[in-house]
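A.B. asks: Single-letter residue listing:
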Amino acid sequence: MERPRHQGMAKNTYMRWRLPLVCLLWEVAMIVLFGVFVRFGPEADAHWEEEKQKKNITSDIENDFYFRYPSFQDVHVMIFVGFGFLMVFLKRYGFGAVGFNFLLAAFGIQWALLMQGWFHSFENGKILIGVENLINADFCVGSVCIAFGAILGKTSPIQLLIMTLFQVTLFAVNEYILLNLLHVKDAGGSMTIHTFGAYFGLTVTCILYRPNLEQSKDKQGSVYHSDLFAMIGTLYLWMYWPSFNSAVSEHGDAQHRAAINTYCSLAACVLTTMAFSSMLQKKGKLDMVHIQNATLAGGVAVGTSAEMMLTPYGALIVGFISGIVSTVGYVYLTPFLESRLHIQDTCGIHNLHAMPGLIGGIVGAITAAAATEDVYGKEGLIKAFDFTGPYQTRTPSVQGGFQAASIVVSLLMAFAGGALVGAILKLPIWGDASDENCFEDDIYWEVPEDEEGDVYHMHNPDKAASP
Amino acid sequence: MERPRHQGMAKNTYMRWRLPLVCLLWEVAMIVLFGVFVRFGPEADAHWEEEKQKKNITSDIENDFYFRYPSFQDVHVMIFVGFGFLMVFLKRYGFGAVGFNFLLAAFGIQWALLMQGWFHSFENGKILIGVENLINADFCVGSVCIAFGAILGKTSPIQLLIMTLFQVTLFAVNEYILLNLLHVKDAGGSMTIHTFGAYFGLTVTCILYRPNLEQSKDKQGSVYHSDLFAMIGTLYLWMYWPSFNSAVSEHGDAQHRAAINTYCSLAACVLTTMAFSSMLQKKGKLDMVHIQNATLAGGVAVGTSAEMMLTPYGALIVGFISGIVSTVGYVYLTPFLESRLHIQDTCGIHNLHAMPGLIGGIVGAITAAAATEDVYGKEGLIKAFDFTGPYQTRTPSVQGGFQAASIVVSLLMAFAGGALVGAILKLPIWGDASDENCFEDDIYWEVPEDEEGDVYHMHNPDKAASP
Amino acid sequence: MERPRHQGMAKNTYMRWRLPLVCLLWEVAMIVLFGVFVRFGPEADAHWEEEKQKKNITSDIENDFYFRYPSFQDVHVMIFVGFGFLMVFLKRYGFGAVGFNFLLAAFGIQWALLMQGWFHSFENGKILIGVENLINADFCVGSVCIAFGAILGKTSPIQLLIMTLFQVTLFAVNEYILLNLLHVKDAGGSMTIHTFGAYFGLTVTCILYRPNLEQSKDKQGSVYHSDLFAMIGTLYLWMYWPSFNSAVSEHGDAQHRAAINTYCSLAACVLTTMAFSSMLQKKGKLDMVHIQNATLAGGVAVGTSAEMMLTPYGALIVGFISGIVSTVGYVYLTPFLESRLHIQDTCGIHNLHAMPGLIGGIVGAITAAAATEDVYGKEGLIKAFDFTGPYQTRTPSVQGGFQAASIVVSLLMAFAGGALVGAILKLPIWGDASDENCFEDDIYWEVPEDEEGDVYHMHNPDKAASP
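Protein chains in written order, with our numbering: chain A, 188 to 654; chain B, 188 to 654; chain C, 188 to 654.
What the hints contain is simulated information worked out from the structure, not anything from laboratory work. Please note: incorrect hints may appear among the correct ones.
Since the list can't tell identical chains apart, any single copy or any two copies may satisfy a pair.
Said to hold, decoys possible - With a cut-off of at most 35 Å between alpha-carbon atoms, the simulated DSBU-like pairs for lysine-lysine come out as follows: (1) Lys404 / Lys613; (2) Lys570 / Lys242; (3) Lys470 / Lys198; (4) Lys613 / Lys472; (5) Lys469 / Lys198; (6) Lys472 / Lys404; (7) Lys613 / Lys470; (8) Lys239 / Lys613; (9) Lys613 / Lys469; (10) Lys241 / Lys313.
Produce the entire structure from the sequences given, and follow the hints as far as they go.
C.D. replies: This is how it looks when you write it as structure tokens:
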């Protein structure tokens, strides 16, 4: 399928040595670092039998595996199928969307296990991992998948791997500042994952601005069946988001509550998305772009507050608003960002992750500040915000302040990090495609040659008979 | 893609103000009602710490969340991906199938939380919700998705929302009569979900009879890849049905047993479906319609009895029979219903849900009536049928009688409710499409304009060169 | 869509009586055998209430259902969606891939429940089943799905059912020899499932060698969207593989550890697959065949050792190597096997299951032999390898020897069994297609007739107007 494009004239997209080199070197580095640092945590180690006796644990069901593994698998599906297929909507970039997402996530989770491990699970020179680390690694990579959405179709796999390396690193630093230094709550990652990931990606795409991108305008749309593939991604993200927001919450009521709040917010979000999608189109027709994306904003926007006593109606309100904001963003803000701020945001992550992420951070700050012993119970309040040790005198309103500050920190990290990474990716050595070859699988993938008559869904008996 | 159809001449399908109005008003109503009524149940509330001490619960793993959340997520997938994609088989109605299913289910679960909450979880003026409520809300909406199958392609989204509102209400009433007043068992919902939902939908479609529907006959079929998409729906329904039938069963053996019975029934059902699909076709070829649908009848038909001591071979027999009944129904009954009874059943829900649902109710009644202390154990029998309090003197045979009566009640509710809703939907103000525009996404959706040569799977180098 | 092929001239592929007869007879046999033999195990039986009291179990959460059901569902998805859709890559064999996989797996799990039940769960003349039996039945069928990959597109459904009958039987015998007589560990089935299944299938396809298969060469490739469907299969296999390898491990740390090891191995495998896929292609482009398959080799290759103290870096190394071996196999070995050894391996199972399965067996033997009390703890070591009863004097190094011997046993069983079954399938009475009709759904399936202009993604207004 060698099309007569000017591929390779303007840019050298030949990956044969560069991509393998990066993949193999980095994987070897992972093996060495894992060998030096990573070991099983106590609940995954064969010494668990002794551990159980020591800690007087009477049943294997108390192993954290049984509290979190089902949620882990749901999150895993969101990262690989959810994000992967959500981006398959482009007519000629399905392989790249799902394949590169696969590549960067597979690398990212390894590096995240290390980075987050050094910050959070480091004991006696070793990183001790368990199922919660796997979830957190998936979360961290989620922020990279989000950023990928902004630059989808415009970067080489090497650029994506480099971005992953840096973004995971910065994610872990930002997460450490928020969760440990500022001692804030962000179970579903409105700030750490969505706000950070989205503004990071938007900054990168701004720096990588392509003035002549309209040369590949014809490939930026979807076709009928690519929209259906994308709905697979959408629905898995939508359905499993309650698991996402509750996966690392405290055992018991917090995990339970986070799932309920998320369920409610997402349900409301679908209604307002449909309403505004129809309302903002002259002919009143629904737009698949909105249905695929804005219906998910409700999950993003309760990320921080889901494990708090947001209450079901509070969750509905958050979902209501975020569906509107996100849909309006797709209609009015995305064109504005592209034309005025030179932000070419392929998937519209500003509408799905950035704005709802900010809403999520703000809602989290307000919900925390409004917490009372009456609503949470005395012990419940302490447990919910971990007001123990050095933080036992912190009040809910102070907590709210720290929550709000965390939004700003995440934004600053995203802008600074995105600028740095954008500058690195701008170097002309990474093999990205020229403007007219963007959104085109043919550049990096062997694409099957299709002939008419060969495929059922286009079979035409008459033609087949007389070609 | 404005086709020169007579769209809008016969009917006004313009949704711009009507759809947003309904969505927004109803969502606001949900928020108000949730605000007044819905709160977290004790196991999702931050007071759970105190609750645990009061009830002497030693471990967080005793929280109902850990008993039911994995099953909940499976049920969630069935409702949104399972039903959504099962209906994608139509060549030009994929957006409508998966998108409208998404819309009605997202609204329905909110309304179901309220309706079912008032009947079952109402304490001191508040509805207290937990993971079991979420499952039950999904179940309730399942019955609407079933009814949607009968009218697929022939209704506007507003009609679907109105049907959802009424059907959820009636579902909750019927469920209350069955589970509380008649005190019957129906864990997998053969009666409450399938029999009720299917006959409700069939009554609606009968009243909405379109005499000139053959005008869109060319769009009622599938294409090769739409059949593959539909298989995604089929398989997720098939695989997760054991979770569906066990999701709200009693903790322990009942949940375990329900999963095993369902697994067995579904396996048997696949074999008889394949057998009869081949046998009833002159050339002996398999028909995707049967494989997509009749293979699921086994799950429907053990819905009531799955948590009982049906035994694995009993489950195989049920699956064996229901696969045959369902496949035969597709071949002979569906054309008959359409030509004689004016029932235009797009997805053939009569074969997949109505008849197998009836079988399920009957099998449940027989299995209950045949229960003995020998088989269940003394305590086991009491626990299985909840023969406690006012029901402690009820015998299995009386229980069987009540189970049988519940089938009749469900049918009556379905016919009466369906007639009422059908009459409402017949009003000419809801924006449904004219007969020649049925089964056509173009009416309510922005459909991407596809040009030849633009899409890989139809690329033809020669043509691209000389158009 | 009656194509002017010579279908039926060379071979009689008429299924109308043969397929139904086999399906119905066999299902009746299942019902009879289940009636005689299969009952609920104690944890799924209504007597569980009494059992709990007898065994002093205080909570229903101790029921094995809650330890294993989420993993069971993941495995279930892998068998039906994972394997089913992985094989949809062929342009004209999507129905056959997913449909026949459905048929053989649905039959196979029933027969596996019996066969494995007689060997492992037989008490007082009854097979007592629980959730672990369901998982093991799915595992057993997994080996048939693997073998199906080698003969995909070249066999009739009857041949597949016959192969399933025999292969499940031999699987159960081999499994009994390994797990019970040799007392080896193989939680993820590198030997019992992958090595056995793959070499069984390769032997069968070798015996069924078709010298003129190049007559259907044009149908052996993929098209753009069939590759995307196949990625659904790939990703579900990849994501849920940690559940596969941990599903039947001991409660607690072993299950936890198996999931972590598998997660790590698979992540590493993606990187080396991508590297070698690009490196081995002249233009440096990635090949979807590799991405769809070789990325999974890491899961196969830690199947035996996942529950052992392989450690995360050990898992990375295994994944690293198996990704390379598998990708190199696709490029160099598959053509060699076809041209020299007459092994026509449609899906390349030699690269995905056979070689990685052998690696898995070897890694398992080494890891077992290297086990020490220092690493496992005294009790941990006994528990990990079940060094109890008659095996309490067995040392790790002896265990390693038995593990290695098990690879050889599995290979011998596969070759002998495959030869036997291949010979049976070669009889000219089973209705397989002629060489030019291989990889063609039209033979066994009703295929929708597609006309141009009828489908959105090929709509061309001009053409539709003047055909």
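A.B. asks: Please go over all the hints and tell whether each is borne out by the structure.
C.D. replies: Verification of the hints:
no. : hint            : in the structure
1   : Lys404 / Lys613 : within (22 Å within a copy, 44 Å between copies)
2   : Lys570 / Lys242 : both (21 Å within a copy, 19 Å between copies)
3   : Lys470 / Lys198 : between (42 Å within a copy, 15 Å between copies)
4   : Lys613 / Lys472 : between (40 Å within a copy, 22 Å between copies)
5   : Lys469 / Lys198 : between (41 Å within a copy, 18 Å between copies)
6   : Lys472 / Lys404 : both (23 Å within a copy, 24 Å between copies)
7   : Lys613 / Lys470 : between (41 Å within a copy, 24 Å between copies)
8   : Lys239 / Lys613 : neither (53 Å within a copy, 57 Å between copies)
9   : Lys613 / Lys469 : between (40 Å within a copy, 27 Å between copies)
10  : Lys241 / Lys313 : within (21 Å within a copy, 40 Å between copies)
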